[in-house]
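Enquirer: Here is how the chains run, residue by residue.
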Amino acid sequence: MGSTQDKPQLMINGKRLDGRGPADLRSIKIEPNVVKNAAGSAYIEWGKNKIIAAVHGPKEALPKHFADPERAIIKCRYMMAPFSSLEEHGRTGPNRRSIEISKVTKEVFENVVMLELFPNTEIDIFVEVLQGDGGTRAAGITAAAVAMALSGIPMTDIPYAVSAGKIGDTVVLDMDKLEDNYSDADMPVAVKPLDNEILLLQMDGSFTKEQLKQAISMITDAGKAIREVQEKAIRKPYEQIIEKYQK
Amino acid sequence: MQTIVVPGEKLSDSIIRIQNSTVINGKTYSTIVGLFSSDKNTLIPLEGLWHPAYGDTVIGIIEEYRLNSYVVNLNSPYKGILITKYVQDQLKKGDLIEASVKELDKTKTVVLMRSRRLTGGKIISITPSKVPRVLGKGNNMINEIEQSTKSSILIGHNGVIWLKGGDMKLATDAIFRIQEEAHTSGLTDRIKGMLTSGS
Amino acid sequence: MYIQSATKEFINDLISSGKREDGRALDQYREIKLTKGVIENAEGSAMALFGNTKVLAGVKIGIGEPMKDKPNEGNIMTSAELLPMASAEYEMGPPSPDAIEVARVIDRGIRAAGMIDTSSLFIEKDKVWEIFIDVYVLNYDGNLFDAGTTAAVTALLSARMPKLEGESVVREGLNSKLKTNNTVTSCTFAKAANKIFIDPDANEEEFMDTRITIANDGKEIRAMQKGLWGGMTAKELEYATDLSFEKHKELKSIINKTLGE
Chain A
0 MGSTQDKPQL MINGKRLDGR GPADLRSIKI EPNVVKNAAG SAYIEWGKNK
50 IIAAVHGPKE ALPKHFADPE RAIIKCRYMM APFSSLEEHG RTGPNRRSIE
100 ISKVTKEVFE NVVMLELFPN TEIDIFVEVL QGDGGTRAAG ITAAAVAMAL
150 SGIPMTDIPY AVSAGKIGDT VVLDMDKLED NYSDADMPVA VKPLDNEILL
200 LQMDGSFTKE QLKQAISMIT DAGKAIREVQ EKAIRKPYEQ IIEKYQK
Chain B
0 MQTIVVPGEK LSDSIIRIQN STVINGKTYS TIVGLFSSDK NTLIPLEGLW
50 HPAYGDTVIG IIEEYRLNSY VVNLNSPYKG ILITKYVQDQ LKKGDLIEAS
100 VKELDKTKTV VLMRSRRLTG GKIISITPSK VPRVLGKGNN MINEIEQSTK
150 SSILIGHNGV IWLKGGDMKL ATDAIFRIQE EAHTSGLTDR IKGMLTSGS
Chain C
0 MYIQSATKEF INDLISSGKR EDGRALDQYR EIKLTKGVIE NAEGSAMALF
50 GNTKVLAGVK IGIGEPMKDK PNEGNIMTSA ELLPMASAEY EMGPPSPDAI
100 EVARVIDRGI RAAGMIDTSS LFIEKDKVWE IFIDVYVLNY DGNLFDAGTT
150 AAVTALLSAR MPKLEGESVV REGLNSKLKT NNTVTSCTFA KAANKIFIDP
200 DANEEEFMDT RITIANDGKE IRAMQKGLWG GMTAKELEYA TDLSFEKHKE
250 LKSIINKTLG E
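Chains as they are written, first to last, in numbering that gives the first Met the number 0: chain A, 0 to 246; chain B, 0 to 198; chain C, 0 to 260.
To be clear, the hints were calculated from the coordinates, so they are not data collected in a lab.
Please note: incorrect hints may appear among the correct ones.
[What the hints assert, rightly or not] Partner residues aside, some chain B positions facing chain A, computed with beta carbon under 10 Å: (1) I3; (2) S75; (3) K105; (4) T183; (5) R189.
[Said to hold, decoys possible] Straight-line Cα separation of at most 27 Å, DSSO-like style, residue types lysine-lysine; simulated pairs: (6) A/K47 / C/K176; (7) C/K7 / A/K58; (8) A/K58 / B/K107; (9) B/K78 / A/K74; (10) B/K84 / A/K35; (11) B/K84 / B/K107; (12) B/K9 / A/K223; (13) C/K32 / C/K256; (14) A/K35 / C/K176; (15) A/K74 / B/K107; (16) B/K191 / A/K243; (17) B/K168 / C/K7.
Nothing here was measured: the structure is a model prediction, and the numbers come from that model.
The C-beta atom is built at its ideal place from N, Cα and C for all residues, glycine as well.
Please take these sequences and the hints and turn them into a complete structure.
Expert: Below, the structure is given as structure tokens:
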């Protein structure tokens, strides 16, 4: 939440500064298999966010006392590159924010990955934010889900994430950095689309009960479009080759 | 008709018994990226790990020597164990071996038998789920590659392939192409063409 | 990906007969792809692909204090991150000695060649411009030194220079460029089976006996780093040095072409 002083006007006649309506997403593109050495990987451009997600494993869980004889464990590293912001050079290494985001990202995947198939192993998820412009944890989860699918590790569904927020009294979707700085609420949510189960939810600011309900329904509506981009990216490597020989 | 499916994609409105699927509220969904054939009732993973089974041939690298056994890297989350007293060759770290799976213990450690040291040549690894395609029906694909390239090739079910002699580069290229195009039809003819034209 | 290695025997046999696994000559680089301006938020950036080695360099410029021993000069700080996604061998955690070596070798070439005149970064007493170069290894397939230097140098050559307005740094809507003096390039050679070859990939690095990196600006040698346990003769060093000047032209023309795009 930014200060209320010098607050720019973020909505004019129902349109946001970049021309979007309240429920519109920024443009989302996903490119599969960008990291050769990973089991699965994906590069996402979500608005001005540029993020690489990759999955390694399953491999022997280390250190050994971390291993669970019943299921695989997931480790996650979310990190912002020091050159990712338009402002000052960022500090390298994990901080409290990145450690928390790593944890909630890991928990999203613990819900959908079929961990019981790989006892005693670990699966690593890496989310590297190369350029950030608001909503990086949601974009990172969305990309990591594509990477996980491409790795061949079985999962019950492909989760997506997006955040809802509030500008003045209007509930909006997918805020960029500027909007986020001056918004009245921010709520990143990850969803399992098969049954619309909520896998991640964080929120700060202020929502009435009605606004929360509206935000959730805006998220699940937008989820269909996000899922489509994810699926397209997952199918792309295989369909490209099929098309090549159908001509 | 085969279609590409992704995790969470519905395979059937009812419960069907098929590998790599899950049932939610009486409907069946895929858990992997795979090729689904509703008439044959099969779902073949397009990416995937090796699930060790008794009798599988594997190729691995000796990773360490313990009291009475060797630990073998099998290109899998799980290590292979080779009991020293059943091993004829003197093995050291980094050696390549071929062996077969004797048993799987509860922790999914793979106990190996009938090992043989492989000397020279090189190894490559492919997605284990593509191994049957590289072998071909009645081994016809791999025979074709061996004859054309004069390379000796051993294929492990764990996705590790050992090549020695002949045109190893052409053989490697052919194997990687099969891996990449495994889900397409007419592959055998394309590989034959590639091998005869040499590119 | 758990196994991606050939054997030492295999690599040595190939190299001793003057060949390489991917069909290259011993004095040949892999295909190099270079793109600038991939991260708009950074003052400068470039992505370099050397075969399957993929490196992203980002340049940020800000205000800081000068080093105590150089009160009238600005700072250049180079870091390298071997991202854990880039290789099954890399781990999460603080920078490894390998990452630090990569950063320092890249830094030394840029610094020694005087690519940036650090005295021009002086603003006033206790206030100087600081240039941060961050090299991000996204995928490892050998030769991080050359890929890292190429990306970092291209990022610097294409970087915009921020402006100081009062106390605040203005980074947007400017067309002033960071002043640079020359183009430094780096060439890394490996030795195996008593032969010297350029631009080793991951397999070759695994089995090489020794390695040397030579940075030059087209006129003079500017930085060198020998690595690993194996030795190297004076004659081999001379051969590598000569070739590094020849390759400087090749690398520089790739960089210039990218800058012109």
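Enquirer: Does each hint hold? Answer for all of them.
Expert: Hint check:
1. I3: Where the cut-off is 10 Å and the nearest Cβ of chain A is about 5 Å from B/I3, the hint holds.
2. S75: Hint on B/S75: holds, closest Cβ of chain A at ~9 Å, below 10 Å.
3. K105: holds (8 Å)
4. T183: Given a least distance of 5 Å, the restraint on B/T183 holds.
5. R189: holds (8 Å)
6. A/K47 / C/K176: Judged against 27 Å, a Cα distance of about 23 Å means the pair holds.
7. C/K7 / A/K58: holds (25 Å)
8. A/K58 / B/K107: OK: A/K58 and B/K107 at ~12 Å, within 27 Å.
9. B/K78 / A/K74: holds (21 Å)
10. B/K84 / A/K35: violated (40 Å)
11. B/K84 / B/K107: Cα-Cα ~22 Å, so holds.
12. B/K9 / A/K223: Holds, because 15 Å separates the two Cα atoms, which is no more than 27 Å.
13. C/K32 / C/K256: Given that 27 Å is the threshold and the Cα spacing comes to 11 Å, the pair holds.
14. A/K35 / C/K176: violated (35 Å)
15. A/K74 / B/K107: Satisfied, since the Cα-Cα distance of roughly 21 Å is no more than 27 Å.
16. B/K191 / A/K243: holds (18 Å)
17. B/K168 / C/K7: holds (17 Å)
Hint compliance for this structure: hints 10 and 14 are broken, all remaining hints hold.
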